[in-house]
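Residue numbers (this note's numbering), protein chains in the order written: chain Z, 1 to 309; chain V, 310 to 561.
These are computed hints drawn from the structure, not numbers from a lab.
Keep in mind that this is a model prediction, so the values were computed, not measured.
Keep in mind that the hints are not guaranteed to be accurate.
Here are some, though not all, of the chain Z residues that point toward chain V, as calculated from beta-carbon distances under 10 Å [stated by the list, open to error]:
| no. | residue |
| --- | --- |
| 1 | 5 |
| 2 | 48 |
| 3 | 62 |
| 4 | 69 |
| 5 | 72 |
| 6 | 80 |
| 7 | 90 |
| 8 | 209 |
| 9 | 273 |
What the simulated footprint calls covered on chain V by chain Z, stretch by stretch (three residues with Cβ under 8 Å from a Cβ of chain Z suffice, anywhere in the stretch; the number is not a length) [what the hints assert, rightly or not]:
| no. | segment |
| --- | --- |
| 10 | 326-333 |
| 11 | 352-360 |
| 12 | 549-558 |
The beta carbon of each residue, even a glycine, is placed where N, CA and C say it ideally should be.
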Amino acid sequence: MEGLNTTVQIAGGFVLKNPVMVASGTFGYGLEFAGLMDISLLGAVVVKGLSLRPREGNPPPRIIETPAGLINAIGLQNIGVERFLKDKLPEIKRLGATVVANIFGESIDEYSEVARLLSGAEGVSAIEINISCPNVKKGGLRFGQDPASAREVVEAVRKSTELPIITKLSPDAPDLKAMVEAVESAGTDAISLINTIPAMAIDVERRRPVLSTMTGGLSGPAIKPIALRLVWQVAGFAKVPVIGMGGIMTGRDALEFIIAGACAIQVGTLNLVEPDGALRVIREMEAYMHKKGIRSIGELTGSLVLPER
Amino acid sequence: MTTISITETVEVISNIAISPGYHRITLGWTPLEVRPGQFVMLKTSPTMDPLLRRPFAIYNIHDDGTEILYRVVGRGTALLSRLKRGDRLDVLGPLGKGFELPEDRETIMVAGGMGIVPFYMVAKELLKMGKTTQLIYGVRREEELILADDIIGLGTEAHLVVEERDNMLPTDILEEMTIGDRRVLACGPGGMLKKVASLCEARGAECMVSVETSMACGMGVCMGCAVKTTDGYRMVCADGPVFDAKELGWKG
Numbered sequence: 001m002e003g004l005n006t007t008v009q010i011a012g013g014f015v016l017k018n019p020v021m022v023a024s025g026t027f028g029y030g031l032e033f034a035g036l037m038d039i040s041l042l043g044a045v046v047v048k049g050l051s052l053r054p055r056e057g058n059p060p061p062r063i064i065e066t067p068a069g070l071i072n073a074i075g076l077q078n079i080g081v082e083r084f085l086k087d088k089l090p091e092i093k094r095l096g097a098t099v100v101a102n103i104f105g106e107s108i109d110e111y112s113e114v115a116r117l118l119s120g121a122e123g124v125s126a127i128e129i130n131i132s133c134p135n136v137k138k139g140g141l142r143f144g145q146d147p148a149s150a151r152e153v154v155e156a157v158r159k160s161t162e163l164p165i166i167t168k169l170s171p172d173a174p175d176l177k178a179m180v181e182a183v184e185s186a187g188t189d190a191i192s193l194i195n196t197i198p199a200m201a202i203d204v205e206r207r208r209p210v211l212s213t214m215t216g217g218l219s220g221p222a223i224k225p226i227a228l229r230l231v232w233q234v235a236g237f238a239k240v241p242v243i244g245m246g247g248i249m250t251g252r253d254a255l256e257f258i259i260a261g262a263c264a265i266q267v268g269t270l271n272l273v274e275p276d277g278a279l280r281v282i283r284e285m286e287a288y289m290h291k292k293g294i295r296s297i298g299e300l301t302g303s304l305v306l307p308e309r
Numbered sequence: 310m311t312t313i314s315i316t317e318t319v320e321v322i323s324n325i326a327i328s329p330g331y332h333r334i335t336l337g338w339t340p341l342e343v344r345p346g347q348f349v350m351l352k353t354s355p356t357m358d359p360l361l362r363r364p365f366a367i368y369n370i371h372d373d374g375t376e377i378l379y380r381v382v383g384r385g386t387a388l389l390s391r392l393k394r395g396d397r398l399d400v401l402g403p404l405g406k407g408f409e410l411p412e413d414r415e416t417i418m419v420a421g422g423m424g425i426v427p428f429y430m431v432a433k434e435l436l437k438m439g440k441t442t443q444l445i446y447g448v449r450r451e452e453e454l455i456l457a458d459d460i461i462g463l464g465t466e467a468h469l470v471v472e473e474r475d476n477m478l479p480t481d482i483l484e485e486m487t488i489g490d491r492r493v494l495a496c497g498p499g500g501m502l503k504k505v506a507s508l509c510e511a512r513g514a515e516c517m518v519s520v521e522t523s524m525a526c527g528m529g530v531c532m533g534c535a536v537k538t539t540d541g542y543r544m545v546c547a548d549g550p551v552f553d554a555k556e557l558g559w560k561g
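Could you put together the complete structure from these sequences and hints?
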């Protein structure tokens, strides 16, 4: 919309044309959506989590719908960083998207190697470190629950890349303040949260867990109020920019996260239901700014008015 | 190979019960190109609960729209069954890879229950290609045979089996039949598909099966609808729903 400034600077040269990114694992490698929408209009595309080698993922069943939510246990099935760089990245760049590579490793060395390979390539704007996946046995959430381990991962990635680093946090970390301080001191440029919430569903007829892995990660509108509270709290003490996510379905949902203190947001599960939903979120945010006479999205970040005491 | 899919809000032309629990909905939507065996994802409610779209096999396409036959099995399909003429709903599709129909040989269609749905378009396509249409269809209860009326109306040679009445399964008919060099196309319950696949393997016959799973996105991005193949996990929505039975590595 004319006259509105929706750009967001996350770090150095990592600038988003608008604050709406699409979350890892809900947008494939971006190309799957190319026939349905113009992906260059998004703030950024965060691609499916990449590991050093291709990963097969978990056995089915991998998903179960719950009220206003989805529990998944995909297990980071992906084609591996090398095939991503060769087959996917050139094409997604040709379509004009800003690309954030989400990375995952079973060891600290693996995180660092994936980051190194990505930095050598043209076209990746930032790296998002996943230390919060609840669906893998090794790595993932193990690093995301312990500040010392998280620090080691981020330090190792920091040494292997000059790209801006976003560290994606789990809502399941016992002490989020210690976690944020750890990843900040290790050199992260930004924090994103929340990843899915560990969750479960049981088939009462068979008295068995529905998912093959017993538990999975809950996403969707069901988790939005919890995500919002966590983003608000973290934004209160984080020194680096915060990217908020968790069940955002509308522009108003996104604005709640921005007002709570996020400088940008990610939409995830919405992409699975409404492939071009992220573009609607952008339009709805712009309409709000227009109506309220807000010229720059930055004016809204952390603009929460606290009740008088 | 893949057709172009779109997401669009479309009008309900009609939505009628054809038998208790079984409905036929016609959407005012005609995609440019549909292959038999493809499906659509329908948002059965505009609210956030149920959240996800539901997959439905396409039954028929004509100038006025797209027909879908469905059985009410849960909350999503119950909501769908309440839609009236003039209501609107969101459709994403056509999706997936359909049945490949061979030019050089005849086919046998094997269906169980709602597995009949994709075969109406398969039969129409086969007739267009100048082929014969042969169907083995199994249902649990006699009143479900109504689902085969249209395909029989096309002139399909049908072997009908009612489990409760005949104490038989469609695979019992297939077992007694000479398959020869015909390609078997199957859609129905998992147990039936496995049995069909093993019968075909034993006779050295080609066998394509349409697999059903829960899905979230329908377009290959969430990786929720994985099925084990000889080549690792593949997605029912984007790599299927039709697979060569050999790829699924089922052991009879």
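To see whether the hints hold, each was checked on the structure:
no. : hint    : in the structure
1   : 5       : violated (30 Å)
2   : 48      : holds (8 Å)
3   : 62      : holds (5 Å)
4   : 69      : holds (7 Å)
5   : 72      : holds (6 Å)
6   : 80      : violated (12 Å)
7   : 90      : violated (19 Å)
8   : 209     : violated (15 Å)
9   : 273     : holds (6 Å)
10  : 326-333 : violated (count 0)
11  : 352-360 : holds (count 5)
12  : 549-558 : violated (count 0)
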